[in-house]
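> Take the sequences, apply the hints, and build the full model.
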Amino acid sequence: MLQKYSLTTSALTLALLFSGTVDAEMKPILTVGLELGGDNLVNTSTYDLKAGGGISFGAGMSFSQTDSTLSYRIMLHYLFDSVEFTDPNGEASFDTFPLELGLFNRWNKHEFGGGLSYHLKPSFEISSNNSFLNGSVDFDNATGLFLQYNYIFSQSESSTYGNDTYVGVKLTSIDYETGNTSIDAGSLGIYLGSRF
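Take the sequence shown: its letters are residues -24 to -1, 1 to 172, numbered as in mature numbering (1 follows the signal peptide of the UniProt record, and there is no 0).
Derived from the structure by calculation, the hints contain no laboratory data. None of these values were measured; they are calculated from a predicted model. Take the hints with a grain of salt, since some may be wrong.
Simulated DEER-style distance windows between Cβ atoms [unchecked claim]:
| no. | residue 1 | residue 2 | range |
| --- | --- | --- | --- |
| 1 | T42 | S99 | 38 to 46 Å |
| 2 | M2 | W83 | 18 to 26 Å |
| 3 | E101 | F172 | 34 to 42 Å |
A virtual CB, placed ideally from N, CA and C, is assigned to each residue, including glycine.
This is the structure in structure tokens:
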């Protein structure tokens, strides 16, 4: 319940900031990234499936005032990963939808930011030819924090927040819970993004 109130309060605060920004510029953002996650869900001889890890595709919006170095952002990602294994033969998968609300500040080609990360419907599924090794776990929605650094290597000269492309490093701190079980789903990710 507290997580829902925290997210709602943050969303309302962000909306008020946007509405008070008379000369606001809105820019779409697209990202692709790789997250190295927290606790192991499945161990194999070649690859481990981790909570909070995998490939991420994201889309969102950046809001900023003209000639300001500050921007407010809302992003929705789809994060997923899977692994196949033998003896017994099977596969396992993990996915979730991270929603991020953040504030960023920019100095020349360097950008620092952070905020709330709300993971929707974290889910783990495993199936195999062993009847004892089949099932799924739906974790509770979870709230965490993220910090991010972006290096902007290509940018428009039209304005402070014109078209640009960046590579970013993101640190996320979050736990997943279901019943009395809690696991670490924190991650370190590298991203390629474009704001246009």
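> Please go over all the hints and tell whether each is borne out by the structure.
A quick look at each hint next to the structure:
no.	hint	in the structure
1	T42 x S99: 38 to 46 Å	holds (42 Å)
2	M2 x W83: 18 to 26 Å	holds (22 Å)
3	E101 x F172: 34 to 42 Å	holds (36 Å)
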